[in-house]
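Residue strings, one per chain:
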Amino acid sequence: MPRNLLKIALALPLLAACGTAQQPAASSAPSAAPAKLVVWIMDGSVTKDLLASFEKDYETAHPGIDLDLQIQAWDGIGERVTAALASTDAPDVIEVGNTQVAQYSASGGVRDLTSKVADLGGADWLPGLAQPGNIDGKQYGIPWYAANRVVVYNKELWGDTPVPKTRAEWLAATAKLNKGGNQGIYLTGQTWYALAGFIWDEGGDLAVKRGESWAGALDTPEALAGMAFYRELQALGKGPKDADEANPPQHEVFAQGKVAQIIAVPGIAARVLEVEPGMKDKIGYFTIPGKTADKPGAVFTGGSDLIIPEASRHPEAAYEVVKALAGEKFQTDLAKAMSFVPNRTSLAGVLAGDEGTAAMAAGAANGRATPNTPAWAAVEATAVIKQYMTAVLTGGDPAAEAAKVSKTITETLNSGS
Amino acid sequence: MSTRRANLWPYLLIAPAVAAGVFLLLYPLLKAAVLSVQHFRMGELIRGGAEFVGLANYRELLAKTEFWEVLLRTAVWTVINVGLIVALGTGVGLMLARLGRRARLLLMSALALAWATPVIAATTIFQWLFQSELGIVNWLLGTRGFAWFADPVATFAVLVVLVVWQSIPFVALTLYAGLTTIPAELYESARIDGGTSRQIFWKITFPVLRPLFALITSLEVIWVAKCFPQIWVLSQGGPDGATTTLPVYAFKVARVLHRYDLGSAVAMLTVLVLAAALVANLRRMLRQEAAQ
Amino acid sequence: MRRVLLNTAAAATFVVMIFPVYWMVSTAFKPTKEIQAETPSLLPLRPTLQHFETAMAADGFWRFWANSLLVTAGAVLLALVVALLAAFAVSRMRWRGRGPFIVAVFAAQMAPWEALLVPMFIIARDTGLLDSLLMLTGVYFMITLPFTVVTLRGFLAAIPAELEEAALVDGCTRAEAFRRIVFPLLAPGLMATSLFGFITAWNEFAFVNVLIIKDEANRTLPVWLSSFRDVFGTDWGATMAAATLFALPALVLFLFLQRRVGVGMTAGAVKG
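Chains as they are written, first to last, in the working numbering: chain A, 1 to 417; chain B, 1001 to 1292; chain C, 2001 to 2272.
None of these hints come from the bench; they were simulated from the model.
Listed below are the simulated SDA-like cross-link pairs for lysine to any residue, each with C-alpha atoms no more than 25 Å apart in a straight line:
#1 K209/A <-> R1041/B
#2 K2033/C <-> I1120/B
#3 K179/A <-> K2033/C
My request is simple: use the sequences and hints to build the entire structure.
Structure (structure tokens):
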């Protein structure tokens, strides 16, 4: 890398203190000795059993490869992945969330896999996973799995109330159930994914791109309408207005048996049963209702992509692992074990059997992604939308609060990385 | 009284500390300072090739009005916390010196446990205690449903309680350790001469402990001003920026965007601010050393 | 009467200090369903050891303990030795540059460690010391050094030199005099500084997170502590159980150290 002449001119001590340029890792020739491949998987993405069987099968099929599947804790993962991408000997495959993949891809530390898209069957990838991993037409992130939210309900409390198909029916049913010590719906004040869905249903968005820059869009009439609906729904229960759905974990609240419904991914049922096994046959699912009966409510497509760091020493072998993980067999196993949506629409049939995943698949048809810009991760990390929601729900003026948060989002998105 | 030694000894004795300081502190610090005048984001960290941009980062920071609000808020936050911590901590330290052996051991153990509790666990406990629906504080006060963390002042108060609670042990234990160096005879003769507790404190205890006091207060100022995880986990700097102190602000404008250049600039400014706040103490130390 | 007041105040302080800790420990024994119950209960109604099992069954549990102990003990001991040497020089000797040195040490407390994450990472990367416990020990050592120097110097200064002189007159060597006279009187200072160093290094997460990357075997305990969290939220029972286990060594260290403080006090009284 060319040294900055000005730096050299300044002073010798300063020269020592300058950050040294990092040489990009040379791609290594395939080595004869068993290559140890390190794969980073997020905690909770894959069951231990499935991981173990994948490792065994892969190593049998690829003698000479030693697969080290490392489970990563969520705390501090952003810094850790950045450090990994910037190191000289990075893990070979890393799982990153689809809201994070854009910033890593834009950094120059991730391998460009555009040439492999056809090989991976990328024609029918879920857009919510593929788009964020695509910067300037180059594909860096490979879609891995997706999940979107449905309404998880307590069959015992619902009784014979029919499953709602429109918003109006939904509100009516929830209001009916919200009495006698039970909560109609446990919806905390800061479940912003749900709000995003309601805003999209109104035709609004969280932020819009205007030419080269972005603008926060929570102050549009559509977005305000979405917030108004959220407010109506949230009031039909006792969800804390100043907390999100993980604090306390909503599956623990649901497991107490006094909550009629929560908005969550179907996979949450397993966690509910861990807390209260007695809920076994009481958990039902339905797709989040849209405004009219013919279209389900819009949902946020959450999920993960796989990236290969530039600093990985075994890029070819790493690609083979990615191919296996994104391939049909593993996708089918993963969808069945974790109630996830596979990365290709052609594989969606896998989800047909189960009530929860069927509801999820129906909703996935109207799945949307967060604004596709690297800086969006910063908006999430600073929790500004969550605070906006709490402010409105505790009596703040919706229009004023929306204007404030939109301005903050605009600033953050245009701060550039 | 001092001991005369061969000229080289003092320098040999401080050599390890100086070497450590140069390699493990000064060098990284210089690097950080250089970072603050470069365009340094995730890309530069991974690929290298950072450009020199002069004072652009500093100008960007100081131009935002929010920065000055944050500075003021940090000052208020620091004064309130340090005031409470030092006052209460000193009280507990003095209490420790007067207690019987078993009672003292019990109380010291409680203090050590509070100090040793991991910060995130402690913050979460406080979140639960003050939860609007299920929290024990609302249950005790009968204010069920009051959302502590939706109200700016209430959130600020909870954070003060949390920080003060976890900082008292350090002050109390360190002061108590200092108190044990005061020979008992001094107290006895003072009492025989008819001194009240207050007089004894200000005339005997305080002067002996003054350097320790100064040290502890300065340290608490530094630590409280730089306090971050508790605030972030509890309130993310909200509601409405009410608890956004300097480190929280740095996180919001720099770290989440992987803008290491801006983050470094904030850190440099923080050091300047702290140095300005503690300059009186630093000057006093220099004078004291010269006098000895 | 004053004794009663004192003891009441002490009891109140005890309750206030211990209550959150108590809450943490009692949560660790409550089954998950009870943790989020509508009416909070002070005592676990149906205590369970399940969370402790989960916490201890975590991958690499024992290795993390070993790493943390190694790194923390190493950093603290190194800091004590280096600081003691420097503190001795500052408090017992006169030399040029003493004033600026102590001011520099004091100023070092203001070091913006969170901003040094990136430079430290770059240094470690360029010297090939990523994934190395040695680098981590070095960082923790440096973080605790300034406070240790300043505090030990304060305690040393409080010990009159006459005591040492008297011992020398009695026929001790300088080293013996230090060991038998000064060291016990230094005990309270050593307690404060080692406890501080221990807790600081034991709890540190940010540097571990960026310096130990690929080599899982070298991770330390704070990583384990934050690992009971997934996309649905945190397993608070397991986290509190882990936090309880995590806080114990500091308590053990404290109990061990404070015994020595008692010894130091009586020794001082006799000599005085």
